[in-house]
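Using the sequences and the accompanying hints, generate a full structural model.
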Amino acid sequence: MGKEEYMKWPGKMKRNPKRGNPKKYCKYHRNTCPNIEDCYELKNEIKSLIRRGHLKEYVGGDTGASSSQQQQQQDEAQAHHTLAGVIDVLAGGMPSGGASTLALKAYARQFNIQGPTPKKSKPDDVISFSNDDLQGVLVPYNDTLMVSMTITNYMVKRILVDSSASADILFNNTFEKMKLTLDRLQPIDVPLVGFSRVIVKAEGKIILPVMVRAEPWQVTRMIELLVVKIGSSYNAIIGRLTLHTLKATISSYHLTMKFPTEHGIGVIRGN
1 MGKEEYMKWP GKMKRNPKRG NPKKYCKYHR NTCPNIEDCY ELKNEIKSLI RRGHLKEYVG
61 GDTGASSSQQ QQQQDEAQAH HTLAGVIDVL AGGMPSGGAS TLALKAYARQ FNIQGPTPKK
121 SKPDDVISFS NDDLQGVLVP YNDTLMVSMT ITNYMVKRIL VDSSASADIL FNNTFEKMKL
181 TLDRLQPIDV PLVGFSRVIV KAEGKIILPV MVRAEPWQVT RMIELLVVKI GSSYNAIIGR
241 LTLHTLKATI SSYHLTMKFP TEHGIGVIRG N
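The sequence shown runs 1 to 271 under full-length UniProt numbering.
Take these hints with a grain of salt, some might be off.
[What the hints assert, rightly or not] Per label pair, the in silico range of CB-to-CB distance:
id, residue 1, residue 2, range
1, Lys27, Val126, 50 to 60 Å
2, Gly231, Asn131, 32 to 42 Å
3, Ser164, Gln135, 38 to 48 Å
4, Lys27, Leu83, 18 to 28 Å
[Unchecked claim] Taking lysine-lysine pairs in the DSS-like style, the calculated list, with each CA pair at most 25 Å apart, reads:
id, residue 1, residue 2
5, Lys229, Lys177
6, Lys201, Lys179
7, Lys229, Lys247
8, Lys201, Lys229
Keep in mind the hints are simulated off the structure, nothing from the lab. Each residue gets a CB set at the ideal place from its N, CA and C atoms; glycine is no exception.
This is the structure in structure tokens:
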């Protein structure tokens, strides 16, 4: 290892005869080291060099981790570009959970996975609901809260928001309409409990940028979605994990979701 200009070299260490193996000399610290393989400072510097695009001749160009990170970065960049299309109502049939509103809500709640609940973050601004938020809502009603969000560079409508669902679901029909390929999916071993308590196996999981937007408010987060191959009248289900990530608060009575942004509290009305 030469003294490359792009490396951050530490100051020369004072030699300690009681420390280190005299037969092992570390060129990075210019001193003997107890165990060169466990030199965390050198490992961290090598990782930093790789992230900055150096050492390409020593690093495989198609590692799973790096390609996955690059794909996520490309997806996040695409989310801020022109929309590739709009995904609206899925064609065909009754909703998978039955026709009634209660059945639909029960259907959404049955997609549950075991896992730690994220810690709640302290909101930057106070989020509240009032009668002003009922504008355009005809009461009484029994509607569920459905919103539109941008996933990658597609405007996806008919997304069910249910804070009792612990999994975020992207249905396979929507996955295909977004022109995503199966090789993007990562395997998942945790089964989902589907309708009628039947175990549903997810096709896999995928991390995609999800943008919640209502001018002038918008926020984008990378969200892990489970791809499920069953029929549904929804394009996706957003559960409490994404709501926590967005720091969003919903009111089913007002059919409204609110979330903090750099420009104040964003407001999304149900559609």
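Could you tell me which of the hints above the structure violates, numbers in ascending order? Violated hints (numbers, rising): 3, 4, 7; every other hint is consistent with the structure.
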